[in-house]
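Using the sequences and the accompanying hints, generate a full structural model.
These are the residues of each chain, in order.
2 protein chains.
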Amino acid sequence: MKGNVIIGQSGGPTAVINSSLAGAVKACWKEGIRRIYGMHYGIEGLLQEDIVDIEDYITSGQDLSLLKRTPSSFLGTCRYKLPPAEGNEDVYEKIFDILDSKNIEFFLYNGGNDSMDTIKQLSDYALAHQKKQKFVGIPKTIDNDLPVTDHCPGYGSSAKYIATSMKEIIRDNESYGVSKPTICIVEIMGRHAGWLTAAAALSKDIDCSGPDLIYLPEVPFDIKDFVGRIKELAKNKKSVVVAVSEGLQTKDGKFVCELGNANEHIDAFGHKALAGTAAYLAGVVTKETGLKSRYIEFSSLQRCAAHLASRADSDEAYNVGFLAAKAAFEGQTGVMVTIKVESREPYVETYSLFDIHDVANVEKKVPINWITNDGTYVSDEFLSYARPFIIGRVPPYTAGGLPVHLTMNKKRKHK
Amino acid sequence: MKGNVIIGQSGGPTAVINSSLAGAVKACWKEGIRRIYGMHYGIEGLLQEDIVDIEDYITSGQDLSLLKRTPSSFLGTCRYKLPPAEGNEDVYEKIFDILDSKNIEFFLYNGGNDSMDTIKQLSDYALAHQKKQKFVGIPKTIDNDLPVTDHCPGYGSSAKYIATSMKEIIRDNESYGVSKPTICIVEIMGRHAGWLTAAAALSKDIDCSGPDLIYLPEVPFDIKDFVGRIKELAKNKKSVVVAVSEGLQTKDGKFVCELGNANEHIDAFGHKALAGTAAYLAGVVTKETGLKSRYIEFSSLQRCAAHLASRADSDEAYNVGFLAAKAAFEGQTGVMVTIKVESREPYVETYSLFDIHDVANVEKKVPINWITNDGTYVSDEFLSYARPFIIGRVPPYTAGGLPVHLTMNKKRKHK
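Keeping their order, the protein sequence lines are chains A and B.
Sequential numbering of the first sequence, starting at 265, is according to our numbering.
Sequential numbering of the second sequence, starting at 265, is according to our numbering.
The hints are simulated quantities; they were obtained by calculation from the structure and are not laboratory data.
In this text, all values refer to a predicted model and were calculated from it rather than measured experimentally.
A portion of the hints provided could be inaccurate.
[As the list claims (entries may be wrong)] Think about it this way: if two alpha-carbon atoms lie no more than 30 Å apart in a straight line, the pair counts; the simulated DSSO-like pairs of lysine-lysine are:
#1 A:Lys366 <-> B:Lys444
#2 A:Lys502 <-> B:Lys551
#3 A:Lys556 <-> B:Lys345
#4 B:Lys345 <-> A:Lys345
#5 A:Lys495 <-> B:Lys345
#6 A:Lys444 <-> B:Lys345
#7 A:Lys345 <-> B:Lys551
#8 A:Lys556 <-> B:Lys518
#9 A:Lys444 <-> B:Lys366
#10 A:Lys502 <-> B:Lys345
If you want it as structure tokens, here you go:
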């Protein structure tokens, strides 16, 4: 008889990360796994032996449906970076002791680059030390910067939120027509990869002009050129809307947000926490041109808006969760489930497994040839790539006019 | 035979302002009005004779349905303040000349306090100078600060957006549990009235703890007390979420956002454009407590998110538009349509007309006894008041995964 399963969620939450959890739980039920454990707050919680029994909360298909409609990590998350095994054997032995004590044989971890690094280190350690556990990664990141996979669950729903909100913002900004032009600068997440910012282009359609300019972090940002383009646009348009990545850098490698007086933080992975790019640029525009400007930051709304989740994204998140569990049950370890798109129109995707060593700690950026030559927009290739990801809705269950979420506040089943 | 109709939209857009336009158009069709004109960009456009024929764009019930699902002012808006009639007779005569030249007998204007002032001045002038035109106001403001009416169309949909997003933000903020507490400060619109900020409390339910603190502009804000409460909350909670109004002022009448280095603008009505309250307070929290903090501004998203429009709000917006036109056809002038709530549970509303002189330029604030004694939350009375406004959805029509909007880019009918 197979051992037990533990599932963890790591890194920034997404609107559909719980769909992957739902898929993994379903696969466990199908396999007849005795106990399905959850890491409470990822591997950081695991190290503190903070482990929950998922079936205290989720016991039916109805629970899974509500779980899929619940944004942000149901189990809680962390940004904990596992130290290298060499010299930290005590940490690794502690993890395996905890797993053994609960007869856990299958370890599923749902996250981005840093989480796949965790899978790699644990599976390498297990192989080197004859441990029985299997480690499989479930991809997740709104940033879409995981290599190997065509795209990443979580991205589609954020892209849908961004494109929908952008469409509404453009309508709002266009409504003042007689007074002076208004320049609206919208800041979108993405430190080094511009996938999310590029998604602003999806708003362009017969009923929406789309943003006037789109700036990705893949291309060095030239402030003088930017101000010149704004001036030129404002000659003929009352509404100018610009999408900028939070991670824009000037040619000499300085983050635009650092040019002002924005605060700078360093997170647990050593990443700089960026904010203030749009605010800074709005200030520059008004100062240099005298035009009215304002800024909007999508902030965490772009990763937690389950009420706008994409059906395509939610389904794929579910599938990679299911298939990760299945792969582990079949004896795979040190692998991540990936998505391959066989055809974009009609959209047909397939799934496979990739050696985690090819995944961890490589960031996939938007190809330079998908960005226009002047660096101010994305090409039709990007639009063809991304359009399928935002199709369809996962309408929330509602009560009193608000979405209902599944929480750990109340146990469903008492043992 | 009755003369023609002109309709204008004024002030900040809302998610349901076009529902009022749809209601007014429907009433015109029912009355058999020959020409239905629209002011392109409100009265500012009218003064430039920028007038459109609404039936160039809207000719069917299907068009009305799509119009109801289109956020922001379909006709364009303005923030133009009509000067007093005395000494500006030329402006008024010009307006009446334009109206006469198109045989316009009925003037419907959809807006907030400033727009109702426009209705008052024009109807007073018409009565004093024996003009035939009738002027009727259609209430609209996300701020809910219009007096006389129980509440105002536009508010419910913004409240629904705020409560839904707040619920999602709280889930997001709660997902990190092992690391240090994170203080998230969310800034919500409302210069002097806290109705929108209060709506954050609607997120509190069995599956959501709601914001920990809610600060409205009706109560002077004490920064020292605020920091003390954050410290106390962070002792027992990993996630602290605070809702603050953009218009918070200290006891000596200073706007909190002005305490930092936030920019200050003055809009056309002489209002200060506020921004930066949450950003400033997040900085104060980190400086004074060492706790991790972040801020979120809902910005214009809270007024243009038609994809989250409330059914109750959309229906009421439609009804006040319809009834304003009907009142004008019946010979009323210098009045605004108002909503009275006969019963909150079950929710039963009725409509009546109010003399515009009792409406214009008075701001309705949240009653002090609906705010807790310590000034950090709203009472159950507020919740009972506001809950009916967010009920039900107006699901957008979608194509390619995005909402479809009706625009003036393409004429539907050629004459």
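Cross-check of the supplied hints:
The hinted pair formed by lysine 366 of chain A and lysine 444 of chain B meets the criterion: a straight-line CA distance of about 28 Å does not exceed 30 Å. Taking the CA atoms of lysine 502 of chain A and lysine 551 of chain B, the gap is near 40 Å; set against the 30 Å cutoff, the hint is violated. Restraint check for lysine 556 of chain A and lysine 345 of chain B: the C-alpha separation of about 19 Å stays at or below 30 Å, so the hint holds. Proposed proximity of lysine 345 of chain B and lysine 345 of chain A is contradicted: the alpha carbons are some 58 Å apart, above 30 Å.
Our distance criterion of 30 Å between C-alpha atoms is met by lysine 495 of chain A and lysine 345 of chain B, whose separation comes to about 28 Å. Taken as a hint, the lysine 444 of chain A and lysine 345 of chain B pair is honoured in the structure, with Cα atoms around 16 Å apart against an allowance of 30 Å. Taking the CA atoms of lysine 345 of chain A and lysine 551 of chain B, the gap is about 27 Å. The hint holds against a cut of 30 Å. Proximity of lysine 556 of chain A to lysine 518 of chain B is assessed by CA-CA distance (about 24 Å); at most 30 Å being required, the pair is judged to hold.
Only pairs whose Cα atoms come within 30 Å are accepted, and lysine 444 of chain A paired with lysine 366 of chain B is accepted, the gap being roughly 28 Å. Straight-line distance between C-alpha atoms of lysine 502 of chain A and lysine 345 of chain B comes to about 20 Å, which keeps the hinted pair within the 30 Å bound.
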